[in-house]
Structure formats: structure tokens, C-alpha cells
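> Chain residues, written in single-letter form:
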Amino acid sequence: MTPPESPPESPDESAGVARAWGWVAHLRTGGTTPWARWQEPAPDADQGGRFLPGAQQLELLRRLNVAGPPSAGLAARVLTASAPGRGLPDLGLEGVLPPSSFGSPPVDPSDLAPEELVRVATALLAEDVVAAGDPDGPPRVKLLRRRYRMLGDPELARPIREALIAAGHPPGGPSATVVVLGTGLDRMLAHEWTARSFGAGVRPWREYVAGERRRTSLSRRFDLAAVAQHWSGRVGPGRVHVVVDDTRLAARLAGRRRPVPDQTELSADAVELARRTAPVVGTLVTPERRSRLMWHRFRPMLAAHPGPPLLVPARHHAWLAGCTADLRRRLSAGGYAVHGDLPEPSVRPGVTAPDEEGVLALAMRMLLGSPTATPVDPDSASATGEVR
Amino acid sequence: MTKKVYLHVGTPKTGTSYLQHVLYRNQVRLRSHGIHYHADRFDAHFLAALDLMRLPWGGIEAQAIGRWDALAASVRRSGGTSIISHEILATASRAQIGHALESLGHGDDAEIHLVLSVRDLVRQIPAEWQENVKHRAALSYGRFLSLIQDPRREGRIPTWFWGVQEIPDILDRWGHDLPPEHVHLVTVPPAGGSPDLLWTRFSDAFGLGGLSLQLDGERVNPSLGVPETTLIRRINRAANEDLEPAFYRPLVRELLAHQTLSRRTGSPRLALPPDVHPWATALEDSWIAEVRRRGYDVIGDLEDLRGAPPVQEYADPDHPDEAMVAGAAVDALKALLLHHAQLQRTLDHRSGELLDTQRRLERSVLRPTYRWRQRTVRRLEASGPGRYAMKVYRRARGRSSRSA
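Chains A and B are the protein sequences, given in the same order.
Everything in the first sequence is counted per my numbering, starting at 1 for the first residue and increasing by one.
Everything in the second sequence is counted per my numbering, starting at 1001 for the first residue and increasing by one.
Just chain B, with the same shape it has in the complex (with noise of 0.2 Å):
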């Protein structure tokens, strides 16, 4: 039987985290029913993406090396149905597209089919510059737009946008040998449908249906208000020298952005400039008709592709109401301040922990005379004279000896 392989490669921002969460969390029961999802810990399949695109992300990257062929390597092993999710996968070039194809047996006995999730662009755009400044971006959302709009796509932030939103492209990079009936395309619904429609989707496209799986609301990646975001960009700027990149994660991304300030309601949401709208709107028709004229299959309605109209009451991240942002720095900081209360304690528990064993090592190893020893050896070592007796006191011992 053909194996077959579903190769999920993006967008971010389409519930990609949360569709990883399930096919996780659910790896036994997928199994059970011919359905690999090959993951040893949660972001496996990032890892392995950064493996495969030789991608520094922060440090991480040395917990990726190898991850691709491997996860390669379980696949071919496997039979049946498996499943592979990244996001990031989206940016791949057309060389590690084909050395990914290939080691998953691309031409050999394997069906792969791709499967790219897809949101409107008016929702996307605002949500990537989020994104970045929870990767501690300090660019302006202003300075975000005009360089993603400036046709040259020069710089970081324009070619990782492009590379990782433009769906035409990433289609023509990832589907290039597949035939368009192995391509799926997963549309996110428009905001305010039913919360089930796209899992629903997800599952059609992965052919999950008629599974009974876990699902919880956990792992989503939660956004932020307009004021919280400023801020984050603001600590960003004052910080970013000083914050190594394994401290940022921890307290910046994951303690202020997503478990402190996302969880504040009633701030604007972050959207499209009404001048900005027509461009993307524009893009937007555009794609669609090229998608169709490729005829991929659409699970959802191309349609979806289209966002919503400018908003009414637009509101700009660069310009805040500054009592927002400074009510958003408040609630930031008490979290701070109790994760650093939380931390002291720690501290002071393992501090007298380690206190305890050295007063018990003392009585119970050491000779009564070691600590006479120790104190006359510091004295000495402390003095030139001092030191040259040591050394003629070690020299007369016959051997290199170790200060007490």
C-alpha cells in the first residue's frame, strides 16, 4: 500500500499551534487508527523545520541538528498515514523543498500531499507584526507596512513576511512536483463563525474525520491589544541589548506577552490602516484568482481569502492612548514583581538546603582540626611570604599537594 504523507507547511497565524497541540496530544490514539504524528516533544517538528532550513533561531537551533533526517527517517519507516506541521516549513527554498520531498520518499513509495492553511491578508499583516515584536522586533508598525509594501522586499522583515504569506509563491515552491489534486488548501473562516469550523476543516484535510480526539483550547498562540503590543515593543527597544535571547523567551515572550497581557480585555485590537486596505484587498483578488486558476482543492471557501472591510474606529499602535499603555506597563510589572518574589523564595529554600548539607558534610566528614587547616592555608596563600612557605611546605611533602 502507498504510504501516504501530509506535509503541512503554513501560514502562521492560521491555527497552526493549536492543530499541533491535538495531533500531539493525541499521538497514541492517531496511531491506533494508521496515523503517525511523529513528535518526541512539542515542537519537534519546528525543530526538525530548522533543522531542514538551517535556520539560527535564537540558540535553539543546536537542540535541532539532525532532526529533519530524522523525522524523515520515521516517516519512510512507517506505513500507513503520517503527518508533518510546521509553519515556518513555508519559507523552505526550492533546494531544501527538494531534499525534504526526497527524504520522505518523494518518487518512491510515498504520496505526499501539501496542506497549507490560509488567512486573509487584513488579518495577517497586523498579526505578523505582533509576532515580530514578540521575537523582539522594535520596528514601528508603521515602518513593518512600509517595508512589506516596498516592492524591492529588501531586509529581513520583508523577505521572512513574503516568504512565509505569499500564498501563490509558497504554493509554487512547495507544490512544483506534487499534482494540484495533492495540494489543500485550508481556509480560515471570516472572525466571529463558529470557533469549530476550522478544526472541522483541519480534519477534512488531514483526513481525521470520525476520529474521537482530544481537544482542548490549549497552546494557541493568544494576541495582544494595541497598548500591550506597544509596550512589548517598547521593552524591546530599552531592553534588547542588555536581554540575552534565552532570557527573552521565558520573561518577555511568554511571561508579560502571552501569559499576562493577553489576558487583558477591553483594549483596541490591532488592524489594518484604512489606507493600507485597498493594497491589500488588492492582493488579495489577486491570489485568489491565481489559486484558482491552479486548481488546488479548497477545503473552506477561496472566499474566506477576502477580509473584512477597513475598521471604524482605527487604532494606531504607534500613536497609543498612552494611559492604556501605562496601565498595560502596571499589570506588567506586578507579574515582574511576583515572578521575581517567587524566584527569591527558590532561592532562599535551595540557599538553606544547600546551607544544611554543607553543616552536615562538616560534621560528619570532616577531621575536628580541618577548619584550623583551612583558615592558617588562606592566611598564608593570601601573602608572598606566605605563599612561598606553602610551597616549600609542599615541596618537603613530596608531592602536589591541595590547599585545604
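Chain A on its own, in the form it takes in the complex (with noise of 0.2 Å):
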């Protein structure tokens, strides 16, 4: 309700707001016009929303409209989507209303950050990800089994412990067999950073990569020695077993005879698009269930759309290499077994960077690709005579 002592809208003001909505009449029905070549208003009865949809919403909408096209159900989520977390509130558009003293500026949508846009997808994901549903729990655990630990890189180890799980050999026990898998510190750092965005969150690339070369010492996560040091103090050294780059042989050595298919490597993009979906899917799940959605649902899906792997820049490559001879020097002298020689960093085709646009495309992608996406019927679309 307006309230009575507000001065009634100027005529400019009213054929503002009859624009917007006329815009959003237009991009519900699968319009692509930009804003700032919208002219035409909506009627009357196309007015009565309780509130204008934001700009970052209206143009995550336009352009699923070029990219797609969405479902009206899915158009629907996004006009009512409210960006999560921290962040720009929805913003008005530039020449609905005169300026203001107050409030944040509005904009013109064309201009907004691709990770803005990202920001209301992410709403929309996660909620695509809790709708999948939980995977099955593990089956029934086998009274016949080695008894295994399977440490290290998470990237390598999880998917040979996600096996043996699922074959009904949870990790642990007495007697284990522990398994300190890992790689070139380049590549565990790439895939730390990668299995920390899918949990409880961790800082961007970049500054993640910054923070970790100003740690005094190699951070325990990708310490191999460390690693198998502790659990040597706990089992003996007889049971421990560094591998490096063999994930067959750490299979066996866990007990697992039939080789676990390699994880496929996410892109760049997909990595920090789950960085950004993981903190929201977390306002829906418990932390457990959110671990078991985005490793089991959300990364299928992103591992359905390949692209280059996210790299440690060259410049940090001479660190690495400090790190990795400091690595080698104490796995040599621990006293366990040590399958395999740490590589140095090298330089491979990937990206050292996730790129904005890469990550709203690949957001739109896996939106228009989820069970709300079904196409809007065409002749509806078509009645707003905008070509797309």
C-alpha cells in the first residue's frame, strides 16, 4: 500500500513503470530485446505485481531467453529469485524512476558483472540440487574386507574411497592399510582448491594460491610426509604407503582388485561455479548432506560440460618446485613405502584462472538443462513479435 502523504507518480514516473513491466511481460514470454532498446509499456492489467523483479533477475532472464529457451516455470524462478549471500541488493532499472537520494543507483542491465547474474543462478542451482535428492546411502558393509585409510589428494582419493564404499568397504578399522595418495604439489593444489569449493567454501583462486605461498611451511593438506608421518607414529611405518600418480596401485593396496574409472577433470569454470553454489545448497542441507549433493549430484552434472582445468600460474612454479624437493627429501627418509616420484610443476593446457563469462554460461547451461527448463511453447513466445 502507498502510503497516503506520497505525492502521486509524475507521468514521466508511470510510463517508467509501465515500461518495466512491459519489459517483463516480454522476457516471460521469451524475449531478448535489451532494456535499452524496450519502449513499449504494458497494460494496465500486466501491472500488478507486488514488485518489480530486480535488474540483475530481468537480465539473467534475457539472456537465458538468447541461450535458450527456458521453461515458463523456470522464467518464473528467476523473476521471484532473491540473490543469496552478500551482495548487491536487486536493483532498480535505469529510467523507471527519477533519481533518488537514497537506495542503490539503478542500472542499466546490459552493464551488470556476469557474476551478479551468477550470484541469483546459484539460488536457482541450489535448489536444483537439493530437488535431485539424496543418493543412496552405502550398502551393507562386508564382514570380509581389508581394512584401508584412504588419504591425500582428495581429488584422487575420494573417488577410489567413494568405490570401495559403494562396494560395501567403508574406511577404517584396525589393522588399515593407510594410503597416502598424491600428485605434483601444482596439480594438489588445484584439486584442494577444487574439493574445498564443493564443501565449505574456500576463498577465490587466486587469492587462495597467494595465501598458501605465505604460509612459513606447506600447508599438512598437501604434506604427504606429514600425512604418512602421523599415521606411521599410529600403525607402524610397515602399514603406510605413499603413492605417487598410480591410482590402480592405491586401489589395490586398499583392496579393491577392478580399477576405479579416473575422476574427469573439471574445468576451471565448473570449479568456481560449484565454489559458488556450495555456501547456498549449505543454507538448505546439513553440511553432510551437502557434501553427499554436490559430490554426487551437482558434479555429474558439471562434468557433463568439459573445458580447460584450472592451473597454478607459472610464476608460483619455481615455489612449487622449492616444496616439492623439500617433499621428496623427507618422504625418502620416512621409513614407509613411497610408490612413485613427486612430479615438478609443468606447464599443461588449462587456465590459471576461472573466466566470469565462462562461469554465468555454464550456470545458464546447466539451468536450461534442468527438469524446469522445458521450452516455452513457441506460439507464446512468438506473440511478442520479438525475434530471436
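Keep in mind the hints are simulated off the structure, nothing from the lab.
Idealized CB from N, CA, C, for every residue including glycine.
Do not take every clue at face value.
Stated by the list, open to error - DEER-style ranges, computed between Cβ atoms:
#1 A:V141 x B:Q1027: 42 to 48 Å
#2 A:R258 x B:R1387: 39 to 45 Å
#3 B:D1321 x A:G340: 36 to 42 Å
#4 A:A36 x B:E1111: 38 to 44 Å
Bring the two chains, given one by one in their own frames, into a single complex with the hints.
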């Protein structure tokens, strides 16, 4: 309800609002015209919404229409979504209302940074991940099984662990063989960031690498020697194996005879999208369910969209080479079995940072591929007269 | 009878913690007067707000799942009057506000009253920077001030600041669907006034006048002086990368900031720099005019939103008196040492209990040959041939034998 003391809307103001509602109706039916080129007002009957959606929601829908088409259901979800977490509030459209001395300034939606649109998209993706449902629980534990612990690089160790759990072989137990699986430090850095992006959260890639470099000693998360040393003290060095770049051997040591299929390496953009989405999933389900849903539901969806993987920038290679030499020395002096040799940091095909436009494009592909993404009725879309 | 819901949505640093503490402590007494404050724990409405806004908050959000809808359901089940209060609600989006109002019965059988407690920007700006610092921020005061003065308002700091502090915009978002007489502004009196005056105004806003409630001084959100805030900021810079959020809150925010450094007296207080003062007061003037124009119910005086004149001696937290910071650091170290000693005592006590339990278990349960067998198995498991021998032995026994 408008306060009675408020002055009536000026003709310009009501024309601006009618134009904005007209754009909403246009987008809702699959239109793709940018806001700056949109002039048609909505009929009075179409101006009944409680509030105008924000510029972020509207621009995301326009881009989905360009890439799509999305279903009417997805379009409705976009328009009513709130960008989760901290960041810009829902912004007004430039030219709708006269300048105000308070509130965030209105924008031309085409000028919005892609990360603002990704923010809205993550709210919907998180809902889709939760709606996909929990994976089946682990099967009954087999009594006759080899006891193991699969530690080290999370991107290498977790697929083996998951395969063993699915076969009724959960980790742990007395007399367990401890397998510490690793690879080159540059890859482990990217793998650790990837794993944390799917979990409780982590800083952006560049900040993360810079933070690791500032540390006085190698983080324990990549320090295979420290992990192996710890477990040697607990179970004896005879039961500890450090395995470098050999997932088959690692699986065999843990009691898995059949090889575990290699994990698809995710694109840098996919990992960044997971990093943005996981905290939102965490507002909907418990951390344990988030971990399962992100791994078993969201990860396969992302893996279906290949792209260049993430690399540590070459300027950090000298630092990593020094860490590698130190780690090699400590591994050879540990008294436990070491299978393989730590490789030096290397230049491989990939990118040194996610690309914001790429992340947005991926988010939109994921949304359009979601169960609610059935295309709109072409007749109702063409009713706008807009050519896509 | 129409149900009445008082929805208190902010702003931070306006006595909200005290109000929520009084409401929480007096739930039973309030209920006997037909006033409901549904909260199973002190921060129940904070969790509900996190849930409504899907706001990650250092892991606490995991405890918030489903809290808003549960709170709204309790409100809808109750007759009479219900109160919901949390200051971070100020930053909710229009879509979230729409869901909140609908879930509380707006447009159905509930009469929603919006309450916003407000304080002048001259006090709010330094208080917000300090609150940021107590939530791990490491940015300087100067940087904070330049960020919030930038009209583009980009980034986490300015978007949050304006989201919870820009009074006309908050009222626009939350009061959009409400008649102005159902929108109540509670102004915080100027510094130095009667300490009871703010509570009296809250009482009037929520219809608590005449009720005998247990009031006490706990749960206030204590403020820090200039050297103490500087110290916390430096700790953030040094420890943020290594200290997990779950430990930051009890150790830095609670132990150091609230329980130790806020008790130091004599330090210069944080204030608005004199050169920023005119910008802040111009904003205050425009907000007062806007709120007056809209005709809301004001409890207190809109003139309270005009801040005090610039301080005579400004203490800059970005260039503090280093001796004072060192004094604060010594107090912080002492607090950490005492805390560590207390933890060590607890650990020693628990270790003793554990050892004692282990010994009694061994004496009462284990057979005399157990230790000998345990040593033998461990020795065998430490070598390849030994492990092979154990494997053969276990196969011969015909079952998956567990080691000793």
C-alpha cells in the first residue's frame, strides 16, 4: 500500500513503470530485447505485481532467453529469485524512476557484471541440486574386507574411497593399510581448492594460491610426508604407503581389485560455479547432505560440460619446485613405502583462473538443462513479435 | 480477533541485543499477557533471519535450516500478539520480504506492524566498522569510509552497510505493503541521556508498557575503544588465513573483544572523522525529511537522527597511539594465557580420567594373556613376513579375525 502522504506518481514515473512491466512481460514470454532498446509499456492489467523484479533477475532471464529457451516455470523462478548471500541488493532499472537520494543507483542491466547474474543463478541451481534428491546410502558393510584408509589428494583419493564404500568397504578399522595418495604439488593445490569448493567453502583461486604461498611451511593438506609420518606413529611404518600418480596401485593396496575409473577433471569454470553454489546449498541442507549432494549430484552435472582445467600460474612454479624438493627429501627419510616420484610443476593445457563470462554461460547451460527447463510454448513466445 | 505481529527488522547497533535478551528472558511472563516471543534459544530469530535470506554465516547457517518457516508457523498458530526481532532482517530483498509477510499471515488474518529502531549516522558509521572488525574484517577505517562514500556501492562492505543502515530504503522495502500507521520508527536518544529512555520507547512500540518485566544489563553488545579495535584488526590480518571460523567467534570475538578488551576504560572512543562529518549530516537531513514526508509513526524524536557535532580531539584508528595498542595487546595476551591454562587444567583432568578408565577396564575385562597377544600381533603387523603370517593364521582360523 502506498502511504497516503506520498505524492502521486508523475506522468514520467508511471510511464517508466509501465515500460518496465512491459519488459517483464516480454522476457516472461521468451523475449530477448535489451532494456535500453525496450519502449513498449505493459497494459494496466499486466502491472499488478507486488514489485518489479531486480535488474539482475531480469537480465539473467533475458540471457537465458537468448541461450534457451527456458520453460515458463524456470522464467518464473528467475523472476522471483533473490540473490543469496552478501552482495548487491536487487537493483532498479535505469530510467524507470526519477533520481533518488537513497537506495542503490539503478542500472542498465546490460552493464551488470556477470558475477551478479551468477549469484542469482546459484540460488536456482542450489534448489535444483537439493531437488535432485539424496543418493542411495552405502550398502551393507562386508565382513570379509581389507581395512584401509585412503588419504592425501582429495580429487584422487575420494573416487577410490567412494568406489570402495559403494562395494561395502568403508574406510577405517583396526590393522588398516594407510594409503597416502598424491601427485605433483601444482595439481594437488588445484585439487585441494576444487575439493573445498564443493564443501565448506574457500576463497577465490588467486587469493587462495597467494595465501598458501605466504605460509611459512607447506600446508598439511599437501604435505604427504607429514600425513605419512603421523600415521606411521599410529600404525607403524609397515602399514603406510605413499603412492604418487598411480590410482590403480592405491586402489589395489586398499583392497580393490578392479580399477576405479579416473575422475573427470572439471573445468576451471565448473569448479568456480561449484564454489559459488555450495554455500547456497549449505543454507538448505546440513553440511553432511551438502557434501553428498555436491559430489553425487552436482559434480556429474558439471562434468558433462568439459572445459580447460585450472592451473597454478607459472610464476608460482619456482616456489612449488622448492617445496617439491623438500617433500621428496622427507618422504625418502620416512621409513614407509613410497611408490613413485613426485613430479615437478609443469606447464599443461589449461587456464590460470576461471572466466566470469564462462562461469555465467555454464550456469545458464545447467539451468536450461534442469528438469524445469522445458521450452516455453513457441506460440506464446512469438506473440511478443520479438525475433530471437 | 485479528492477530498482531510486530516485526522488528533493525537497525544494528540500536539496542537490539538488549531488547532481544529481555524478550527471551521474559517469554513466560509475556505469554501470560497474550504476547508471544517464540524462541527456543537466544539467537532463534537470528537463525530464522539467516534461513529467510539464505545467508551463509560462518557455518552457523547449518543450524538455521527451516527456522523461518517454523517460526512463522508458530506465529500463525498463536493468537494475540507476536514479536519477531532481528536486525539483519533489514537487508532482506523484496522477494524475501514478500515471503516473510505472507508466511506470517499478511493479507489473511494477521495485522503486521513493522518496527525499525534507528540511530544517527554519526554514531552508526564507526560502530559498523567496529562490528565488521569483530567479524574478521581487516580493512582500515579509512578504506571503510571511502567504500561507503562511493556512490557505486560495489562490494560486500558497502552493500551490507547500506542494506542495514539506509533507513528510507529499508522502510521502502519492508513497508511497501503496509499502511504508514503500521510502520513504527523508534529513535535512539542522543548519548548522555537517561539509560531507561530507549527501553521506554521500545515498550511503547511493542505494547509492553505497564508489564512488569525482568530487565538486566546483560547481552549488550559491548563496544571497543580505538586501540582495542586496531588490535583486533591487526589480529585479523595476521590470523585470518589460519584460524577457522568456528574458533574465531569464541576466541577473538567473545574472549578477546567482548570479555577482555571492551572492559578497558580510558581509551579514546571511535568517532567519525571531522572531514566526513558534513557528508554524514547531509544524509541524515535528507533521511529525516523523507521519513517525515512519509508519515510513519515515530516513537521518540526524528531530531535524534541528527548526530552530535564533530569531536574536538579525533583519535584515528589507522594511526593509533602505539603504546595504547601495546597495552591492549598485553591484556589480550594475559587473557589468552589464562584461557589456555584453564583449558590445560581441563585437558589434564580429562586425560587422568581417561587413563584411570582404561586401567580399570583392563583390570576388570581383559584376560591375563591379552597384553602378550597384543604385543605379538603388533610386532608381526610391523613387517611384511609378519603380516603374511597373520594372514595365514587368520585364514586357518576360518574367519575375518580382528587384530588384538
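> Each hint should be assessed against the structure and marked as holding or not.
Going down the list of hints, with the structure as the test:
1. A:V141 x B:Q1027: 42 to 48 Å: holds (46 Å)
2. A:R258 x B:R1387: 39 to 45 Å: violated (23 Å)
3. B:D1321 x A:G340: 36 to 42 Å: Violated - the Cβ-Cβ distance for D1321 (chain B) and G340 (chain A), about 57 Å, lies outside 36 to 42 Å.
4. A:A36 x B:E1111: 38 to 44 Å: Holds, since A36 (chain A) and E1111 (chain B) (Cβ atoms, about 43 Å apart) stay within the stated range.
Going down the numbered hints, you'll see the structure goes against 2, 3, while the others check out.
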